[in-house]
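Engineer: Here is what each chain is made of, one letter per residue.
There are 2 protein chains.
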Amino acid sequence: MAYQIEMMRTAVALAVENVRRGEGGPFAAIVVKEGRILSRGTNRVTTANDPTAHAEVVAIREACRTLGSFQLEGCEIYTTCEPCPMCLGAIYWARADRVYFACTQADAAAAGFDDSFIYQEISIPPDQRRIPMIQHQRTEGLGVFEAWEKKEGKVRY
Amino acid sequence: MAYQIEMMRTAVALAVENVRRGEGGPFAAIVVKEGRILSRGTNRVTTANDPTAHAEVVAIREACRTLGSFQLEGCEIYTTCEPCPMCLGAIYWARADRVYFACTQADAAAAGFDDSFIYQEISIPPDQRRIPMIQHQRTEGLGVFEAWEKKEGKVRY
Numbered sequence: 001m002a003y004q005i006e007m008m009r010t011a012v013a014l015a016v017e018n019v020r021r022g023e024g025g026p027f028a029a030i031v032v033k034e035g036r037i038l039s040r041g042t043n044r045v046t047t048a049n050d051p052t053a054h055a056e057v058v059a060i061r062e063a064c065r066t067l068g069s070f071q072l073e074g075c076e077i078y079t080t081c082e083p084c085p086m087c088l089g090a091i092y093w094a095r096a097d098r099v100y101f102a103c104t105q106a107d108a109a110a111a112g113f114d115d116s117f118i119y120q121e122i123s124i125p126p127d128q129r130r131i132p133m134i135q136h137q138r139t140e141g142l143g144v145f146e147a148w149e150k151k152e153g154k155v156r157y
Numbered sequence: 001m002a003y004q005i006e007m008m009r010t011a012v013a014l015a016v017e018n019v020r021r022g023e024g025g026p027f028a029a030i031v032v033k034e035g036r037i038l039s040r041g042t043n044r045v046t047t048a049n050d051p052t053a054h055a056e057v058v059a060i061r062e063a064c065r066t067l068g069s070f071q072l073e074g075c076e077i078y079t080t081c082e083p084c085p086m087c088l089g090a091i092y093w094a095r096a097d098r099v100y101f102a103c104t105q106a107d108a109a110a111a112g113f114d115d116s117f118i119y120q121e122i123s124i125p126p127d128q129r130r131i132p133m134i135q136h137q138r139t140e141g142l143g144v145f146e147a148w149e150k151k152e153g154k155v156r157y
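Chains A and B supply the protein sequences, listed in that same order.
Per the numbering used here, the first sequence starts with residue 1, numbered consecutively.
Per the numbering used here, the second sequence starts with residue 1, numbered consecutively.
For the record, the hints were derived by calculation from the structure and aren't laboratory data.
None of the values given here were measured: they were computed from a predicted structure.
Check each hint, because a few of them may be wrong.
Under 10 Å between C-beta atoms, here's a sample of chain A residues computed to sit facing chain B [claimed, not checked]:
1) Gln-4
2) Ala-15
3) Val-19
Glycine included, C-beta positions come from ideal geometry on N, C-alpha and C.
Isolated chain A, as found in the complex (with noise of 0.2 Å):
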């Protein structure tokens, strides 16, 4: 565990020294492959003018430019707080390994940052959700994954 602690207080010295500069809000995470740090992501939201420049988000992005691929197989990644739904949907889609986290959802609700919120606002029907969520035109939708089925040399992910 040594090694775990280790790179989870570089990613807590970086989220400090984030909030320290102004350069976003108090979070910040980093992916490591086989013992390299291969990116440092901070929150960028308010200095980026980017809502999905979370922490989480910049060093995946900022990873897999460095690895020329679109997954981070093989890879984990160490986050200063539990990913909000966003953050998490982005672990997933980049097939990372693992996550190590520090704080959680409810501590980052305390310091107002509600991910808790997000969290909530998923097991609602989308129509009645705080953003109402709002069906139509399905048919003409499914035009589209019919022309995905029939493409040619299409790269799945």
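Given chain A's structure and the hints, the job is docking chain B onto it.
Structural biologist: Same frame as chain A, but now just chain B:
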């Protein structure tokens, strides 16, 4: 509803074109504010080597760049498929007003895009997930939130 139908058809046409050109997966999204299309996003996962380049994320990032803001209040998002957890999270963080979608999670799963699997994983305890998520060093992690709490002049989001 005629207006919403027109906007969804614009998104569907974009997604079909994305497949035809071999530029990524069968998904597109547009962000609309007061009747104006702010951004058009298509899936770019395999061509950009970016697992986070889902249509909604691409469209949200571009709309925020256009507005010079990390918030999409007053905006509606039209997407050809029900958002995956990553995109759903991005929509909440961007604080869009409303989402319209055509196909469902089940339609996406039938076409080989297993959003539903990720939704299921969310309800499983973190350390028992297919991608295990393991907590440690919480006390050190809380130090980041303490630094944030004390930080003067911080930009909340």
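Engineer: Would you mind marking each hint as holding or not holding in the structure?
Structural biologist: Hint-by-hint comparison with the structure:
1. Gln-4: 6 Å, holds
2. Ala-15: 4 Å, holds
3. Val-19: Cβ of A:Val-19 sits 5 Å from chain B, so the hint holds.
In summary, this structure violates none of the numbered hints.
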